[in-house]
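Q: Listed here are the chains, written in short residue letters.
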Amino acid sequence: MTVRAARRSAKPSESREEIAIQPLPETQLPAIQQNGEPSAASRFRIFIVDSGWNSAARRVLHENFALIRDLQKDDPIYVLSREKSVEFMRRHGSRIGRDPIIAVHDMHALGKGGTVGFHGFRLSLGLLRTPEQALMGLQAFARFLVEHRHSADLEADIRARLRREGFTGAIEIAMHHEAREIGD
Amino acid sequence: MFDRVTEIMSLVLGALALGYLVYEIDRRQRKLHDIWDVLDGEDAIITGTLEDMVKKGELKPYAEAALA
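Those protein sequences? They're chains A and B, same order as listed. Here the first sequence is numbered in numbering that gives the first Met the number 0, starting from 0 and rising by one per residue. Here the second sequence is numbered in numbering that gives the first Met the number 0, starting from 0 and rising by one per residue.
Pulled out of the complex, with its shape left as it was, chain B reads as follows (with noise of 0.2 Å):
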């Protein structure tokens, strides 16, 4: 009996640090992918503002040494 139940605790938690660690990761890369993201078709729009600025001559490469 008691190894019984020694058996389904350690189940239990077993199961309970693995999901833990796959909530983790899940959460950490959703962070990652806020902070970092890839540029796709949904930032077209802005990727065409910028790209137009640098071909309009309204931005050009910075040639200070520190930001202003």
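Next up, chain A with everything else stripped away, as it sits in the complex (with noise of 0.2 Å):
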């Protein structure tokens, strides 16, 4: 969806000015302490959005959560109820059949450019059709996300890997095999 397209779609309280949220100072970046509290060495905030499709990345996805949980530790998740995840389709319409969505906000982007430029990433894991990709695809998420959570430009990262994928993809499939093949 363009920004023009979001304005239309939004209602006329929540324009991109009102919501579009300005660099967060750094005493308001985000943290985990031991009560499951935010703390300071929290680079991210993540956020699981399910409206609740009966799919192989859903029962994926709550068979693992544990485990996502354990290995983000560091970081806050945020689930969205079912009855939120669902406003959150019915307001952005062009998301659904995606879920469930994982959006990871990289705070110190935030923090510094606001929602302007880069500032995170999502994994459309409901993409994902069958359990083998969908697990393949949650691995790659925290494998990403331990690997990268220092680094200093996340954004060109994340670009750099995608054109390797497809690249890597492309010639395992010129040579028949087809074991990382995703989303087909």
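If you are wondering where the hints come from, they were derived from the structure by calculation, not from laboratory data. All residues carry an ideal CB built from backbone N, CA and C; glycine is no exception. A hint or two may mislead.
Claimed, not checked - List time: in silico BS3-like cross-link candidates among lysine-lysine, alpha-carbon distance up to 25 Å:
| hint | chain 1 | residue 1 | chain 2 | residue 2 |
| --- | --- | --- | --- | --- |
| 1 | A | Lys111 | B | Lys54 |
| 2 | A | Lys111 | A | Lys72 |
| 3 | A | Lys83 | B | Lys55 |
| 4 | B | Lys54 | A | Lys72 |
| 5 | B | Lys30 | A | Lys111 |
| 6 | A | Lys72 | B | Lys30 |
| 7 | A | Lys72 | A | Lys83 |
Stated by the list, open to error - Selected chain A positions facing chain B (in silico; Cβ < 7 Å):
| hint | residue |
| --- | --- |
| 8 | Tyr77 |
| 9 | Phe117 |
| 10 | His118 |
| 11 | Phe120 |
| 12 | Leu122 |
| 13 | Leu126 |
| 14 | Leu134 |
To be verified - The following residues of chain A were derived to be distant from chain B, with all beta-carbon distances above 10 Å:
| hint | residue |
| --- | --- |
| 15 | Trp52 |
| 16 | Ser54 |
| 17 | Gly92 |
| 18 | Ile95 |
| 19 | His107 |
| 20 | Pro130 |
| 21 | Arg142 |
| 22 | Val145 |
| 23 | His149 |
| 24 | Ala151 |
| 25 | Asp152 |
| 26 | Glu154 |
Put the two chains together into one complex, using the hints given.
A: Written as structure tokens, this is what we have:
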């Protein structure tokens, strides 16, 4: 959705100017402490939007959520309720069928530039049709977060990874090895 | 004459193989971008909404061991 389209679809009281957030002061960056509250070490905020489709991706997410949470225990995970997720999908119709969606907000990027430029990434887990694909996607997600939590340029890391994966996958297909095939 | 035909056939097949590889790389990258995507200005409203929910206390860090 473009910014212009998003503006059109937003309610009058939800114009981008009102909702788009400004760079956060360092003091407002999230954190997770022993009591489960955010701590200064956290770089990311993780949001899970799941309206409840009976899908392989949803089952894989539920079965592996505890492990994901343990692996990402430095970062807060926010899970939208089914009601909030459905409301979210009603407002952003282009996302329907892509959930469960895991959105990761990079608080460093948000702190520096707000929502205008790069500020995180999302995994549309619902687009992965088989349990194996969904599990691989979830594992890649967890691996990426752990490996890149101290990255100075997360955007460059993500774009490089996407280029590399696309190239590697195509080579493997050409060589008749489709083990990494995603999403078909 | 036979050598010429073989040469042309090799060139055509090579071009087709290269074209397929380029097409496949492009297709894979589009698919990956669909599944994995960066958040930028186009996602400002969604990001703002989610951050606003945290700020207002409507969303708390999930503390349960399993998803409901």
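Q: Hint by hint, say whether it matches the structure.
A: Comparing the hints with the structure gives:
Restraint check for lysine 111 of chain A and lysine 54 of chain B: satisfied, since their Cα atoms lie roughly 18 Å apart, inside the 25 Å limit. Using a Cα cut-off of 25 Å, the hinted pair lysine 111 of chain A and lysine 72 of chain A holds, with the two alpha carbons roughly 24 Å apart. With a C-alpha separation of about 14 Å, the suggested pair lysine 83 of chain A and lysine 55 of chain B falls inside the 25 Å cut-off, and the hint holds. The straight-line distance between the Cα atoms of lysine 54 of chain B and lysine 72 of chain A is roughly 20 Å, inside the 25 Å bound, and the hint therefore holds.
Our distance criterion of 25 Å between C-alpha atoms is broken by lysine 30 of chain B and lysine 111 of chain A, whose separation comes to about 30 Å. Of the supplied pair hints, the one linking lysine 72 of chain A and lysine 30 of chain B is violated, its CA atoms being roughly 30 Å apart against a limit of 25 Å. This hinted pair checks out: lysine 72 of chain A and lysine 83 of chain A have alpha carbons roughly 24 Å apart, not beyond 25 Å. A least Cβ separation of about 4 Å between tyrosine 77 of chain A and chain B falls short of the 7 Å threshold, and the interface hint therefore holds.
Hint on phenylalanine 117 of chain A holds. Least Cβ distance to chain B is approximately 5 Å, under the 7 Å limit. For the restraint placing histidine 118 of chain A at the interface with chain B, the shortest Cβ-Cβ distance is roughly 5 Å, inside the 7 Å limit, so the hint holds. At about 5 Å, the closest approach between the beta carbon of phenylalanine 120 of chain A and any beta carbon in chain B falls short of 7 Å, and the interface hint on this residue holds. Residue-level restraint check for leucine 122 of chain A holds (minimum Cβ-Cβ distance to chain B is 6 Å; threshold 7 Å).
At a threshold of 7 Å, the smallest CB-CB gap from leucine 126 of chain A to chain B is about 5 Å, leaving the interface hint in force. Among the interface hints, the one on leucine 134 of chain A is violated; its C-beta lies about 14 Å from the nearest C-beta in chain B, farther than the 7 Å criterion. Every beta carbon of chain B lies more than 10 Å from that of tryptophan 52 of chain A, the smallest distance being close to 14 Å; the non-interface claim holds. With a closest Cβ-Cβ approach of about 14 Å to chain B, serine 54 of chain A is found to remain outside the 10 Å limit, as its non-interface label requires.
The Cβ of glycine 92 of chain A lies farther than 10 Å from every Cβ of chain B, with a closest approach of about 12 Å, so its non-interface assignment holds. For isoleucine 95 of chain A, the condition that its CB be more than 10 Å from all CB atoms of chain B holds, with the nearest at approximately 14 Å. Distance to chain B confirms histidine 107 of chain A as a non-interface residue, since its nearest Cβ pair spans about 13 Å, more than 10 Å. No beta-carbon of chain B comes within 10 Å of the beta-carbon of proline 130 of chain A; the shortest separation is about 15 Å.
No beta-carbon of chain B is positioned within 10 Å of the beta-carbon of arginine 142 of chain A; the least distance is around 13 Å. At the 10 Å boundary, the C-beta of valine 145 of chain A stays outside the reach of chain B, the nearest C-beta of that chain being 16 Å off. Residue placement check: histidine 149 of chain A keeps its beta carbon more than 10 Å from all beta carbons of chain B (closest about 18 Å). Distance check for alanine 151 of chain A against chain B: the nearest CB is about 16 Å away, which clears 10 Å, and the non-interface claim stands.
Residue-level check passed: aspartate 152 of chain A sits 12 Å from the nearest beta carbon of chain B, beyond 10 Å. Distance to chain B contradicts glutamate 154 of chain A as a non-interface residue, since its nearest Cβ pair spans about 6 Å, not more than 10 Å.
Hint check: violations occur at hints 5, 6, 14, 26; the rest are consistent with the structure.
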